[in-house]
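Student: Produce the entire structure from the sequences given, and follow the hints as far as they go.
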Amino acid sequence: MTQPAAATGDPAPIRVVLAKLGLDGHDRGLKVVARMLRDAGMEVIYLGLRQTTGTVVAAAEQEDADVVGLSMHNAGHLALAPRIMRALTDAGLGVPVVIGGIVPEADVRTLKEMGISAVLHPGASAVEVAEAVRDAVSGPLGDRPARC
Amino acid sequence: MPQPGELLERSIAGERRALGRLLSLVEHGGAPADEIVELVHSRAPAEAPVIGITGAPGTGKSTLVGHLAVEMAGTGGRPAVLAVDPSSPLTGGAILGDRIRMDGVAAGRAFIRSMATRGHAGGLALAVPAALRLFEACGYGPLVVETVGVGQVEVDVTRTADTTVVMMAPGMGDAVQANKAGLLEVADVIVVNKADRPGADDTRRDLEHMLDLGRITGLAGAAQHWRPEIIMTTAAAGDGADRVHEAIRAHRAHLAETGRLQARRQARIRQEVLDRVTQHLGATASQYLSTQPAALREALEGHSTPAATSAKIIEHLLSNQPPG
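These protein sequence lines are chains D and Y, in that order. Counting from 1, one number per residue, gives the positions in the first sequence under our numbering. Counting from 1, one number per residue, gives the positions in the second sequence under our numbering.
Treat the hints with care, as some may be off.
[Unchecked claim] Per the computed footprint, the stretches of chain Y lying under chain D, defined by three or more beta-carbons under 8 Å from a beta-carbon of chain D, are:
| # | stretch |
| --- | --- |
| 1 | 15-29 |
| 2 | 99-107 |
[As the list claims (entries may be wrong)] Partial list, computed: chain D residues near chain Y (C-beta under 10 Å):
| # | residue |
| --- | --- |
| 3 | ALA34 |
| 4 | ASP39 |
| 5 | GLN51 |
| 6 | THR52 |
| 7 | GLY54 |
| 8 | THR55 |
| 9 | GLN62 |
| 10 | GLY76 |
| 11 | LEU78 |
| 12 | LEU80 |
| 13 | ARG83 |
| 14 | LEU93 |
[Stated by the list, open to error] Here are the computed distance ranges between Cβ atoms for each label pair:
| # | chain 1 | residue 1 | chain 2 | residue 2 | range |
| --- | --- | --- | --- | --- | --- |
| 15 | Y | THR258 | D | ARG86 | 17 to 25 Å |
| 16 | Y | ILE314 | D | ALA126 | 39 to 47 Å |
| 17 | D | GLY76 | Y | LEU90 | 35 to 43 Å |
| 18 | D | GLY41 | Y | THR258 | 14 to 22 Å |
| 19 | Y | GLU35 | D | THR110 | 52 to 60 Å |
| 20 | D | ASP10 | Y | GLY259 | 42 to 50 Å |
Hints are computed from structural coordinates only; laboratory data are not their basis. Here a beta-carbon is modelled for each residue, glycine too, at the ideal position from N, C-alpha and C.
Tutor: The structure is reproduced here in structure tokens:
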């Protein structure tokens, strides 16, 4: 007995959890990104506004996320990035994190040193967004065996 | 990657990410999925209540499910939710937006898993029962399956539940719409959500009227004299979830008292076997057409009808595929 997906050898679609942490109400960009990733053939678990590190971690676990995408528009990225990375690590999840939003160029390196896989800026094209997610999945953190 | 057996042990011990992984394997199908189903079988007696929730998009299914999960957790349950949303037929992608409505209230009280239809109806029909059994093996129950009630597949998936809740909202059509065949016929509990909106009482009246008609034509008799209760809710405010929970429990008690629970479960097993056989035969036929293009030639050139060609292929395939 074989089911279609595996029978045709298709890989499972990439699953992305998308969220905004805390009191950051600008979710229009995140909705656009959700649509971009959907149209790139990915499955987007959309959590939307006012999430906590706890709800994001729970979603990443329960949904078996390949990538966590966080949108940040309130200049909180340097405070929030280490928290989410610590929460994911504490839960034993090595899932890659991509941040998108208003992030000064000068902070990108700091975020990457904190373990963020990629940072997307306003104006990123649909192709760039999908590529960043795919690269994160195929990067060192996206390795499924490392996660389980 | 850890083997399914190890993942299952870890899932049973309460490790959420291990269960998340197993659900992905089950969803993806193939040999690993079959292995998991075998492993889980002895640990899941299929006794956990299965509740299907379906209805048109935007009627408030996910919002209600979030509150229902709270009710279930509050009465000693360990609810798990399978939220099914459609995949894009063009790209295969999906936006799974059920969790956003549930997390606010149900976070920490339920295991919530979103599942995309992934374009292959048969795959979903196999993945849902497998995922439910997996949940049960890990100590979860009641189990809730939420689907958009727009296609036959989605309706079928919920139909295999012990109790099917159909959600409606005011302003979505009159009695004639409600009388069209489909969703309402599978309802064990009917919820009219957004009861604070104008027209909610009209919707309720139309539904009551339709249920009365079912009694006149005798269809209600076929359903063992169970008349679905119509429950008015305002899910966004959490109002009415307790009454829906109560109605679900009442229906389940009714099933148990009348012996229908056993019948429904047997129907579910029958359906699952049928789905698996159908899937296998479909895959075999598809493979045959790919590897034997000559079999199609007569039909393609117009010398034979698709019906005659398929009859020939069926005969050939069945004669070469003895059972067992």
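Student: Now, for every hint given, state plainly whether the structure supports it.
Tutor: Now for the hints, and whether the structure bears them out:
1. Given as covered by chain D, the stretch 15-29 of chain Y passes the check, having 11 residues with a CB less than 8 Å from a CB of that chain where 3 are the minimum.
2. Here the stretch 99-107 of chain Y counts 4 residues with a CB under 8 Å from a CB of chain D, which clears the bar of 3, and the coverage holds.
3. A least Cβ separation of about 5 Å between ALA34 of chain D and chain Y falls short of the 10 Å threshold, and the interface hint therefore holds.
4. Look at ASP39 of chain D: its Cβ gets to within about 5 Å of chain Y, closer than 10 Å, so that hint holds up.
5. A distance limit of 10 Å between C-beta atoms decides the matter here; for GLN51 of chain D the minimum to chain Y is near 8 Å, and the interface restraint holds.
6. Of the supplied interface hints, the one on THR52 of chain D holds, with its beta-carbon coming within about 9 Å of a beta-carbon of chain Y, less than 10 Å.
7. The beta carbon of GLY54 of chain D is positioned within 10 Å of a beta carbon in chain Y (closest approach about 7 Å), and the interface hint is therefore held.
8. The closest approach between the C-beta of THR55 of chain D and any C-beta of chain Y is roughly 5 Å, which is under the 10 Å cut-off, so the hint is satisfied.
9. With a cut of 10 Å, the hint placing GLN62 of chain D at the interface with chain Y holds, because the nearest CB-to-CB distance is about 5 Å.
10. Here the hint on GLY76 of chain D is broken, as its CB sits about 20 Å from the closest CB of chain Y, past 10 Å.
11. For LEU78 of chain D, the interface hint is violated, the least distance from its beta-carbon to any beta-carbon of chain Y being 26 Å, above 10 Å.
12. For LEU80 of chain D, the interface hint is violated, since its Cβ never comes within 10 Å of a Cβ in chain Y; the closest pair sits about 18 Å apart.
13. Violation of the interface hint for ARG83 of chain D is found here, the shortest Cβ-Cβ separation to chain Y being roughly 17 Å, above the 10 Å cut-off.
14. At about 6 Å, the closest approach between the beta carbon of LEU93 of chain D and any beta carbon in chain Y falls short of 10 Å, and the interface hint on this residue holds.
15. A beta carbon spacing of about 54 Å between THR258 of chain Y and ARG86 of chain D contradicts the range 17 to 25 Å that was offered as a hint.
16. Checked against the given bound of 39 to 47 Å, the beta carbons of ILE314 of chain Y and ALA126 of chain D, roughly 45 Å apart, stay inside it.
17. Look at GLY76 of chain D against LEU90 of chain Y: about 36 Å separates their beta carbons, and that is inside 35 to 43 Å.
18. Distance hint check for GLY41 of chain D and THR258 of chain Y: the Cβ-Cβ separation is about 47 Å, which falls outside the suggested range of 14 to 22 Å.
19. Under the hint 52 to 60 Å, the C-beta atoms of GLU35 of chain Y and THR110 of chain D, about 45 Å apart, miss the expected range.
20. Our hint of 42 to 50 Å for ASP10 of chain D and GLY259 of chain Y holds, since their Cβ atoms are close to 43 Å apart.
Of the numbered hints stated above, those contradicted by the structure are hints 10, 11, 12, 13, 15, 18 and 19, listed in ascending order.
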